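K.L.:
Use the sequences and the hints to build the structure in full.
Heads up: the sequence lines are chains A and B, in that order.
Reminder that position 75 of the first sequence reads as 74 in the numbering used here, one-by-one numbering, no gaps.
Converting from the second sequence to the numbering used here requires adding 56 to each position, the first position being numbered 1.
Just so you know, the hints here were simulated from the structure itself, not pulled from any lab data.
Remember, it's a predicted structure, so these values are computed and weren't measured experimentally.
Incorrect hints may have been included.
Said to hold, decoys possible - Below, simulated DSS-like cross-link-like pairs (lysine-lysine); rule was C-alpha separation at most 25 Å, straight line:
hint	chain 1	residue 1	chain 2	residue 2
1	B	K99	A	K111
2	A	K107	A	K54
3	A	K107	B	K99
To be verified - To give a feel for the contact side, a few chain A residues facing chain B, derived at Cβ under 10 Å:
hint	residue
4	Q26
5	L28
6	R30
7	N34
8	L40
9	Q46
10	P48
11	I52
12	F66
13	V89
14	M93
15	Q94
16	G95
17	P99
18	G105
Even for Gly, the Cβ is constructed at its ideal location relative to N, Cα and C.
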Amino acid sequence: DIVMTQTPLSSPVTLGQPASISCRSSQSLARSDGNTYLSWLHQRPGQPPRLLIYKTSDRFSGVPDRFSGSGAGTDFTLTISRVEAEDVGVYYCMQGAQFPFTFGQGTKVEIK
Amino acid sequence: QVQLVESGGRVVQPGGSLRLSCAVSGFSVSSFGMHWVRQAPGKGLEWVACLRFDERIQHYVDSVQGRFTVSRDNYNNILYLQMDSLRVEDTAIYYCVKGPSGGYFDYWGQGTLVTVSS
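P.N.:
Here it is as structure tokens:
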């Protein structure tokens, strides 16, 4: 199985400042169709996760443009350009390149 | 408008069975891969099972292989998860999730809680 490792696991951030989360996979997530199946999800307390970024860098419908994804192969990053109060919660990376799909441990983002 | 509404979660004894349902609106379950993802209390996310759109291929995480079965009712647009031989470690919120062909999940239900306890 592909192991997904996120850093940091906790991230105190300042409103209006940038924040980033890293995700590393134990194998390359690039597939023969030319896509790299790494996605990012955000979960607020008591809510289901919601998709932010898919295929490494594509922003899902309705997601603010302060969220961006980057990376290739086994190393990926989610960046929030200017953190807003509604961005608190837990962020997960997920690989969909190979079954079983697997998630990172989650990174808890909170306001300082 | 896409909606996924899970039901069927409850308290069940170890070794028991349960069937979860996911009523879908806004798209056809027969046109997309559909998945179940679970989250144990206070823990992270774990992918559980997938039913491909062509229904010929199913995938399961090793820990549920042989005990859980995913199926669907195309006419009523419902996804199911039959859970047999339940274990304490199966306790979790179970989410029904839509998966476009590209290995990611774009819409999630609100989840249904399954508690396995004596």
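K.L.:
Does each hint fit the structure? Answer for all of them.
P.N.:
Here's how the hints hold up against the structure:
Straight-line distance between C-alpha atoms of B:K99 and A:K111 comes to about 23 Å, which keeps the hinted pair within the 25 Å bound. Restraint check for A:K107 and A:K54: satisfied, since their Cα atoms lie roughly 22 Å apart, inside the 25 Å limit. With a C-alpha separation of about 12 Å, the suggested pair A:K107 and B:K99 falls inside the 25 Å cut-off, and the hint holds. Hint on A:Q26 is violated. Least Cβ distance to chain B is approximately 14 Å, over the 10 Å limit.
Below 10 Å, beta-carbon pairs count as interface contacts, and A:L28 has one with chain B at about 9 Å; its hint therefore holds. Evaluation of the A:R30 hint against chain B yields a held restraint, the C-beta minimum of about 8 Å falling below 10 Å. Checking A:N34 against chain B by beta carbon gives a least distance of about 6 Å; that is within 10 Å, so the hint holds. Hint status for A:L40 relative to chain B: holds, with the closest Cβ pair at about 8 Å, below 10 Å.
The closest approach between the C-beta of A:Q46 and any C-beta of chain B is roughly 8 Å, which is under the 10 Å cut-off, so the hint is satisfied. The beta carbon of A:P48 is positioned within 10 Å of a beta carbon in chain B (closest approach about 6 Å), and the interface hint is therefore held. At its closest, the beta carbon of A:I52 sits 9 Å from a beta carbon of chain B; the interface hint therefore holds under the 10 Å criterion. Given the 10 Å rule on beta carbons, the hint for A:F66 is violated: about 15 Å separates it from the nearest Cβ of chain B.
Taken as an interface hint, A:V89 checks out: its beta carbon lies about 8 Å from the nearest beta carbon of chain B, inside 10 Å. At about 7 Å, the closest approach between the beta carbon of A:M93 and any beta carbon in chain B falls short of 10 Å, and the interface hint on this residue holds. Nearest Cβ of chain B to the Cβ of A:Q94: about 8 Å, under the 10 Å cut. The hint holds. For the restraint placing A:G95 at the interface with chain B, the shortest Cβ-Cβ distance is roughly 2 Å, inside the 10 Å limit, so the hint holds.
Interface restraint check for A:P99: the shortest CB-CB distance to chain B comes to about 5 Å, inside 10 Å, so the restraint holds. A cut of 10 Å between beta carbons decides the hint on A:G105: the least distance to chain B is about 5 Å, and the hint holds.
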